[in-house]
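Let the sequences and hints guide you as you build the complete structure.
Number of protein chains: 2
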Amino acid sequence: MADRPIKELNWKTPLEAARKPSLNQIAKMGICGIMDPIAPGIPPGSDTATLALLGYDVLKVYSGRGALEAIGSGINVLPSDIAFRCNFATVNEDLVVLDRRAGRIVNEDAAKLAESLQKIRLDKPSIEFLFKNTIQHRATLVIRGRPELSTAVSDSDPEKVGEKVSEIKPLDESPEAKRTAKILNELMHKFYKVLKGHPLNKKRAGQGLPQANIILCRGAGTIPNIKALPELYGITAVCIAATSLIRGVCKVAGMKLIDVKGATGTPQTNFVAKAKSTVQTLKTCDFVLLHVKATDVASHDGNIKQKVELIEKIDHMIGYVLDNIDPDSTYLAVTADHTTSLMTGKHEGDPVPIAIAGPYVCRDDVEEFNERSCAKGGLNRIRSMDLMPILMSLLGKTKKFGA
Amino acid sequence: MADRPIKELNWKTPLEAARKPSLNQIAKMGICGIMDPIAPGIPPGSDTATLALLGYDVLKVYSGRGALEAIGSGINVLPSDIAFRCNFATVNEDLVVLDRRAGRIVNEDAAKLAESLQKIRLDKPSIEFLFKNTIQHRATLVIRGRPELSTAVSDSDPEKVGEKVSEIKPLDESPEAKRTAKILNELMHKFYKVLKGHPLNKKRAGQGLPQANIILCRGAGTIPNIKALPELYGITAVCIAATSLIRGVCKVAGMKLIDVKGATGTPQTNFVAKAKSTVQTLKTCDFVLLHVKATDVASHDGNIKQKVELIEKIDHMIGYVLDNIDPDSTYLAVTADHTTSLMTGKHEGDPVPIAIAGPYVCRDDVEEFNERSCAKGGLNRIRSMDLMPILMSLLGKTKKFGA
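Top line first, the protein sequences correspond to chains A and B. Residues 15 to 417, numbered by my numbering, are exactly what the first sequence covers, in order. Residues 15 to 417, numbered by my numbering, are exactly what the second sequence covers, in order.
The set of hints was computed from the structure by calculation and includes no laboratory data. The beta carbon of each residue, even a glycine, is placed where N, CA and C say it ideally should be. It is possible that part of the hints are untrue.
Unchecked claim - Quick list of in silico lysine to any residue cross-link-like pairs, SDA-like style, CA-CA up to 25 Å:
| id | chain 1 | residue 1 | chain 2 | residue 2 |
| --- | --- | --- | --- | --- |
| 1 | A | 74 | B | 77 |
| 2 | A | 411 | B | 20 |
| 3 | A | 411 | B | 169 |
| 4 | A | 270 | A | 409 |
| 5 | A | 241 | B | 185 |
| 6 | A | 414 | B | 18 |
| 7 | A | 42 | B | 18 |
Claimed, not checked - One side of the interface only, derived from the structure: several residues of chain A facing chain B at Cβ under 10 Å:
| id | residue |
| --- | --- |
| 8 | 390 |
| 9 | 397 |
| 10 | 405 |
| 11 | 412 |
Structural data, given as structure tokens:
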């Protein structure tokens with residue numbers, strides 16, 4: 015949601031350009047500030063940004079995106095598992111990448127191919143793997159077994175069209191890294207063989223669609239070693255989000271995941287359904303994270319008009335929440351997990367606006383929710399990892415340090 | 015002193031509601047900001063809050079309250095000693111706590127009982143103990159000896175009326191923890207035997223007063239391993255405070271303790287006597303910490319009117335200091351060690367206001383000393399542990415980091 019001022023909006027940011035009475039209302043009622051996702055100038059990933067928002071010190075606990083995405087996709091990742099993010103992709107006979115997303119293959123086709131891949135048996139019976147497609151070309155892979163495996167392996171994904179698929183290499187001298195690289199290369203080769211000869215790919219070729227004839231993997235990771243929110247604060251916590259990664263982060267943080275009909279993690283998501291679910295959930299639960307992916311998608315695509323419209327839809331969603339909760343017993347915090355610039359199409363290291371409204375909050379004189387107004391607010395400049403302690407302190411859920 | 019906005023004060027904080035020309039004068043003359051005692055949202059104890067105010071990184075150096083309180087009570091605590099906070103309390107025949115404060119026993123009675131307890135001999139002659147009453151029901155206990163002792167032991171204080179006194183248990187598998195727990199249980203039992211049969215308790219029973227028939231102990235700690243302020247900055251430093259804990263922290267920080275007649279650590283303390291002593295001390299000394307406990311007491315009691323009045327008394331005290339120092343050669347910093355909420359009666363993790371006045375300070379346009387105005391000040395948001403380096407830098411006492 016957060017962005018930089020742009021010429022097309024008369025040097026306003028999308029938040030400044032959008033009509034957003036409900037977000038402004040929270041700013042007016044509450045205390046505002048700006049917030050560095052990790053530290054000033056450091057662009058976060060969606061994984062680190064969300065972990066930080068939940069109060070974790072990502073510089074200490076982050077252990078890769080793969081496992082978070084895999085958990086979000088429904089795989090029960092164990093602490094000793096190694097997980098990867100994968101793409102269905104298209105290569106030619108020389109293994110040169112032609113399309114990193116296999117024409118954004120539809121979920122149904124990806125699911126059929128994934129099913130065939132899961133039937134593969136590895137040479138080492140002590141090692142097993144779990145492969146699961148998520149949305150379109152995206153998938154996750156988990157490697158499990160004994161003896162121990164390592165995350166110190168390179169990617170097979172060259173992350174560029176026109177380059178050859180990379181051999182996976184150990185990144186240190188440990189026997190674990192060498193073993194893991196060997197297993198992965200074997201698996202990638204077997205995936206390729208199965209996909210190449212798969213009837214579905216023959217059918218796609220006939221339809222003029224790019225074949226999903228290889229799996230590219232990247233970002234070896236494990237689950238982060240963190241204490242869950244219920245344990246840390248004695249709260250019940252719920253996540254309302256559609257994207258696997260956010261769901262994975264929240265699950266690792268001990269939050270319950272709720273499925274909302276029509277919530278898709280895309281600009282076409284059902285905003286009001288998410289708002290209704292939030293209001294309903296707040297009746298029985300201490301903490302709800304309501305996450306919207308859509309503005310990030312529009313920003314990556316450089317779609318100015320769509321981003322402004324999506325902010326207005328988010329505002330409408332927040333309006334529903336505002337109208338249907340008890341303001342005397344509920345705290346509302348609105349913010350962005352990070353800045354995605356419409357101009358660069360990338361995550362940026364800028365601070366994001368934050369507003370917190372609720373009982374006994376030290377209200378300031380900020381009247382609008384955006385990057386510039388909130389910078390004048392009573393919170394001054396905090397970090398994303400400070401937000402949870404601040405909210406939990408308002409709820410009376412933090413433990414005193416000292417006596 | 016710091017607090018949240020409350021309904022009874024028209025959604026002002028006590029600092030906003032109080033008449034405080036002198037505190038405002040410092041804000042006007044100086045640079046203001048807000049300050050997190052430890053980190054945003056983390057409620058500090060009085061011990062960690064004061065250590066942080068003196069510039070120490072409590073997340074690294076904090077080692078429990080017991081030893082700080084014991085030092086403040088006048089016991090010369092050694093680095094290998096284990097110290098506890100204790101209460102004289104009242105139990106029934108089944109060791110169920112009836113009154114955790116033995117009817118807030120008066121100092122004179124507590125002193126007599128403490129004298130009898132100190133005569134007890136332990137089975138192990140290599141271990142000795144020091145027991146000292148401080149104010150009313152409060153006392154400190156120090157265990158000393160060889161072989162080594164451990165702080166990894168539980169409390170005997172159940173911290174709740176109606177519950178049974180707890181057996182002290184080792185909190186880890188070390189022989190030191192087991193040994194320490196055993197010694198303490200023996201000592202607690204001997205304390206109980208002496209108190210139960212003490213003539214003073216018979217007399218109290220006759221007067222209808224709760225018997226102080228048991229000692230409850232909690233918060234095993236050692237002295238923190240920190241460098242003293244004179245060593246760190248080459249300054250002479252003095253503490254003007256009445257409460258044992260604050261005195262203990264300051265002593266550990268290498269500060270000289272000054273006794274002021276009429277300073278009691280209560281709302282009835284002699285504010286002007288403390289101000290006079292401060293002015294006098296500043297004539298020969300680089301740094302004086304003038305500490306007032308009273309507003310914290312009023313906050314814990316939820317006494318809104320008293321808190322506002324006490325802030326006005328503090329303002330009067332500060333006025334005396336302002337009128338009697340040389341403003342061209344003296345820096346004045348006013349702040350709170352933490353927020354104690356009148357509503358929750360507890361320490362909260364909110365930032366506190368801070369104002370620093372003196373030569374060459376980069377004066378801002380804040381005109382009032384309170385939580386909201388100071389948030390707009392030129393210091394922005396700092397942490398308590400930043401204050402000493404800032405003051406010492408103004409005094410030219412900090413060492414360059416780098417070359």
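Comparing the hints with the structure gives:
1. A:74 - B:77: holds, 23 Å
2. A:411 - B:20: holds, 20 Å
3. A:411 - B:169: Answer holds: residue 411 of chain A to residue 169 of chain B is near 23 Å, not above 25 Å.
4. A:270 - A:409: holds, 19 Å
5. A:241 - B:185: Holds. Residue 241 of chain A to residue 185 of chain B sits at ~20 Å (cutoff 25 Å).
6. A:414 - B:18: Holds, at roughly 18 Å.
7. A:42 - B:18: holds, 17 Å
8. 390: holds, 8 Å
9. 397: Given a least distance of 8 Å, the restraint on residue 397 of chain A holds.
10. 405: Hint on residue 405 of chain A: holds, closest Cβ of chain B at ~7 Å, below 10 Å.
11. 412: holds, 6 Å
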